[in-house]
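**Student:** Each chain is listed here by its residues.
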Amino acid sequence: MESMLHITTLHYLVLGAALFLLGVIGVLTRRNVVIVLMSIELILNAVNLNLIAFSRMWGGLHGQVFAIFVITDAAAEAAVGLGILIAFFRNKETVNIDEVNLLKW
Amino acid sequence: MGGLAYNWNDYVLALPITLLALFSIGILLIDLMIPPETKWANAVTALIGVVFSAAGVYKIQLMLDQRHSAGTIGMMRTVIMDRFALYFFYLFLAGTAVAILMSIRYMKDEHENHGEYYALMLLSVIGMMCMAAGGDIVLIFIGLELMAISTYVLVGFLRRDRRSNEAALKYLLLGAFSSGIFAYGLSLFYGLTGHTNLIDINRELTRILAHEPHNPVAIIALLTTITGLLFKIAAIPFHQWAPDAYEGAPTSITGFMSVAVKAAGWAMLLRILLWGLYPMRTIWVPMLVFVSIATMTGANFAALTQTNTKRLLAYSSIAHVGYMLLGMVAGSATEFSIDGLKGILVYLLVYTFMNLGAFGVITSLRHRNVIGDELDDLNGLYARAPVEAVLMLIFLLSLAGIPPLAGFWGKYFIFFSLIESGHYALAALGVLYSVFGLYYYLKMANAMFMSQPEGGRLPVSWSMRIALAVTGFATVFIGIMPEKFIDIVNWTLGMPQGATTARLFVR
Numbered sequence: 015m016e017s018m019l020h021i022t023t024l025h026y027l028v029l030g031a032a033l034f035l036l037g038v039i040g041v042l043t044r045r046n047v048v049i050v051l052m053s054i055e056l057i058l059n060a061v062n063l064n065l066i067a068f069s070r071m072w073g074g075l076h077g078q079v080f081a082i083f084v085i086t087d088a089a090a091e092a093a094v095g096l097g098i099l100i101a102f103f104r105n106k107e108t109v110n111i112d113e114v115n116l117l118k119w
Numbered sequence: 006m007g008g009l010a011y012n013w014n015d016y017v018l019a020l021p022i023t024l025l026a027l028f029s030i031g032i033l034l035i036d037l038m039i040p041p042e043t044k045w046a047n048a049v050t051a052l053i054g055v056v057f058s059a060a061g062v063y064k065i066q067l068m069l070d071q072r073h074s075a076g077t078i079g080m081m082r083t084v085i086m087d088r089f090a091l092y093f094f095y096l097f098l099a100g101t102a103v104a105i106l107m108s109i110r111y112m113k114d115e116h117e118n119h120g121e122y123y124a125l126m127l128l129s130v131i132g133m134m135c136m137a138a139g140g141d142i143v144l145i146f147i148g149l150e151l152m153a154i155s156t157y158v159l160v161g162f163l164r165r166d167r168r169s170n171e172a173a174l175k176y177l178l179l180g181a182f183s184s185g186i187f188a189y190g191l192s193l194f195y196g197l198t199g200h201t202n203l204i205d206i207n208r209e210l211t212r213i214l215a216h217e218p219h220n221p222v223a224i225i226a227l228l229t230t231i232t233g234l235l236f237k238i239a240a241i242p243f244h245q246w247a248p249d250a251y252e253g254a255p256t257s258i259t260g261f262m263s264v265a266v267k268a269a270g271w272a273m274l275l276r277i278l279l280w281g282l283y284p285m286r287t288i289w290v291p292m293l294v295f296v297s298i299a300t301m302t303g304a305n306f307a308a309l310t311q312t313n314t315k316r317l318l319a320y321s322s323i324a325h326v327g328y329m330l331l332g333m334v335a336g337s338a339t340e341f342s343i344d345g346l347k348g349i350l351v352y353l354l355v356y357t358f359m360n361l362g363a364f365g366v367i368t369s370l371r372h373r374n375v376i377g378d379e380l381d382d383l384n385g386l387y388a389r390a391p392v393e394a395v396l397m398l399i400f401l402l403s404l405a406g407i408p409p410l411a412g413f414w415g416k417y418f419i420f421f422s423l424i425e426s427g428h429y430a431l432a433a434l435g436v437l438y439s440v441f442g443l444y445y446y447l448k449m450a451n452a453m454f455m456s457q458p459e460g461g462r463l464p465v466s467w468s469m470r471i472a473l474a475v476t477g478f479a480t481v482f483i484g485i486m487p488e489k490f491i492d493i494v495n496w497t498l499g500m501p502q503g504a505t506t507a508r509l510f511v512r
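The listed protein sequences correspond, in order, to chains R and L. Residue numbering for the first sequence follows the numbering used here, beginning at 15 and increasing consecutively. Residue numbering for the second sequence follows the numbering used here, beginning at 6 and increasing consecutively.
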């Protein structure tokens with residue numbers, strides 16, 4: 015009973031890998047730019063989960079510090095991303111990735 | 006091990022970065038105070054910042070020389086300040102200075118002459134420096150993101166222009182995606198080794214791989230990390246963002262991205278693969294062989310059909326990445342060839358000047374109602390602006406690798422290192438594609454010299470003339486007298502002056 019309740023590093027890693035894959039699938043298949051940005055956040059959160067789990071496993075603080083930096087980075091990326099999206103929306107009135115088609119070979 | 010407090014040494018190491026940060030904040034403040042007519046003052050401030058920062062780099066160089074050491078480690082072991090880092094610092098600053106000179110007139114013509122533009126450029130250089138001098142994956146990642154996020158904004162700086170919006174959006178989505186994958190790989194390496202320091206990771210990886218040569222976690226970590234790295238240098242199959250971002254961005258920023266940002270990507274790739282992940286060399290070399298062949302093939306063929314000069318040069322710069330990647334492949338099964346690294350460094354040096362020069366000429370075509378980035382806009386350039394046309398020809402021939410221009414030496418050292426280590430087939434393929442590339446460069450030259458001119462004489466601003474003079478001079482001068490510049494690279498790698506071969510550098 016005890017051992018069933020025990021959550022190991024592996025559990026976190028599996029959850030992290032699942033989140034990462036969901037994020038990758040989201041980026042590759044969703045057509046709405048806002049949802050793509052959310053999928054990227056999902057990937058970065060998978061990274062955070064990994065880092066925290068490993069940090070606990072190794073007993074150091076490096077992973078947690080890295081995670082705080084990744085969170086900051088995700089916030090900056092989201093801010094700039096939404097800013098660019100708004101500038102784009104003003105000129106084109108769409109957030110659909112299939113209509114981002116001015117530049118192509 | 007130094008404890009938790011920073012000492013004087015650390016502050017000196019941070020000098021170039023601190024100065025750039027101060028100047029970029031200064032530009033933001035000054036921008037608020039000056040009237041619209043004197044916005045050029047922002048560019049001047051940025052240039053002064055670059056010069057001060059270069060003086061800071063020189064100060065570090067003097068400090069190292071005084072101690073007769075090849076490098077030092079500081080900031081709680083997160084910064085490796087060796088000659089490799091200093092070399093890249095100078096390269097970033099030179100590229101940025103020329104790009105600033107190219108921007109002054111262009112941004113005025115686009116009616117987007119804001120101080121933020123120059124401030125963001127300086128901020129992205131700070132990111133590049135953190136990447137080149139990073140000894141810790143946390144610092145490298147933060148540097149990468151600082152550079153990337155600043156560049157996303159710069160690409161979308163022409164906010165009324167749809168192409169610019171679109172380029173920024175594509176660059177942001179793919180860039181952020183690749184950073185996420187890259188960070189995932191780094192987190193796995195941290196988990197595997199328990200360290201974030203590159204030297205510690207190297208040590209632990211050697212130990213782990215000695216036990217288990219094909220550790221699955223290590224392989225997954227390597228795959229994700231290398232994907233992120235190849236995304237940043239725009240190697241096929243991770244290149245799709247590059248032509249779009251290059252075409253839509255303001256042309257001066259395209260030039261900046263194609264040299265400084267790309268050099269930073271290379272600095273990061275070399276740092277991580279050669280310092281951190283060197284024990285996995287037997288696994289990443291085959292990957293790079295594949296990517297390199299795909300990059301040379303895909304980019305050279307895609308460039309053939311382009312009608313937009315910025316897009317054409319984007320594919321050409323992807324092809325150059327393919328040649329440079331060959332330098333990573335050189336070496337025997339057990340040891341990396343220092344000549345390959347030397348080839349990459351020489352290549353990056355000459356590439357910075359010739360590619361910036363080519364983008365400079367295209368930037369100068371923008372005036373009044375002409376965007377100037379179609380191949381037809383080059384028509385009859387020789388009649389409209391003879392000096393620029395001749396310079397462009399020099400840049401194009403140099404990009405194609407024709408001796409005695411600078412571009413030849415980059416390719417020479419890479420192919421030389423391949424032949425030295427017995428990779429004859431790859432060297433032959435590289436030479437073949439270089440010849441192939443001549444076709445699309447000469448297509449541009451043909452338009453300049455053989456077609457009928459449209460429009461009158463081309464007005465070229467003073468700052469642009471300086472930028473073109475510097476890049477043109479460097480392209481010709483490095484081509485004719487390469488010894489001096491080769492010696493700079495020898496110095497960087499700790500090789501004796503005039504050497505052609507040497508052992509692996511000091512870690």
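Simulated from the structure, these hints should not be mistaken for lab results. Heads up, the beta-carbon is just placed ideally off N, CA and C, and yes, glycines get one too. Keep in mind that a hint or two might mislead.
These stretches of chain L come out as covered by chain R in the derived footprint (C-beta under 8 Å, 3 or more residues) [what the hints assert, rightly or not]: (1) 145-156; (2) 177-183; (3) 199-206; (4) 401-413; (5) 421-428.
No more than 35 Å apart at the CA atoms, straight line, and that leaves these computed lysine-lysine pairs for DSBU-like [to be verified]: (6) L:Lys113 - L:Lys448; (7) L:Lys113 - R:Lys106; (8) R:Lys106 - L:Lys44; (9) L:Lys448 - R:Lys118; (10) L:Lys44 - L:Lys113; (11) R:Lys118 - R:Lys106; (12) L:Lys448 - L:Lys64; (13) L:Lys44 - L:Lys64; (14) L:Lys64 - R:Lys118; (15) L:Lys489 - L:Lys448.
**Student:** For the region 199-206 of chain L, does the count of residues with a C-beta closer than 8 Å to a C-beta of chain R reach 3?
**Tutor:** holds (count 3)
**Student:** Quickly compare the C-alpha distance for Lys106 of chain R and Lys44 of chain L to 35 Å and report which way the hint goes.
**Tutor:** Status holds; Cα separation ~30 Å.
**Student:** For Lys44 of chain L and Lys113 of chain L, compute the direct alpha-carbon distance and say whether it is at most 35 Å.
**Tutor:** holds, 9 Å
**Student:** Does Lys106 of chain R lie within 35 Å of Lys113 of chain L when you go C-alpha to C-alpha?
**Tutor:** holds, 25 Å
**Student:** With a C-beta cutoff of 8 Å, work out whether three or more residues of the region 401-413 of chain L approach chain R closely enough for the coverage to hold.
**Tutor:** violated (count 0)
**Student:** Can you tell me if the region 145-156 of chain L counts as covered by chain R, using C-beta to C-beta distances under 8 Å and a minimum of three residues?
**Tutor:** Check passed, 4 qualifying residues.
**Student:** Please verify whether Lys448 of chain L and Lys64 of chain L have alpha carbons no more than 35 Å apart.
**Tutor:** violated, 45 Å
**Student:** Does Lys448 of chain L pair with Lys118 of chain R here, judged by a C-alpha cut-off of 35 Å?
**Tutor:** Holds, because 21 Å separates the two Cα atoms, which is no more than 35 Å.
**Student:** Against the 35 Å threshold, does the CA-CA distance of Lys64 of chain L and Lys118 of chain R hold or violate the hint?
**Tutor:** violated, 46 Å
**Student:** With the threshold set at 35 Å, check whether the alpha-carbon distance from Lys489 of chain L to Lys448 of chain L stays at or below it.
**Tutor:** Roughly 33 Å between the alpha carbons, so the hint for Lys489 of chain L and Lys448 of chain L holds.
**Student:** CA of Lys113 of chain L to CA of Lys448 of chain L, is that 35 Å or under?
**Tutor:** holds, 31 Å
**Student:** Taking beta carbons only, do three or more residues of the region 177-183 of chain L come closer than 8 Å to chain R?
**Tutor:** Held - the region 177-183 of chain L has 4 residues with a Cβ nearer than 8 Å to chain R, which meets the minimum of three.
Comparing the model with each earlier hint shows violations of hints 4, 5, 12 and 14; every other hint is respected.
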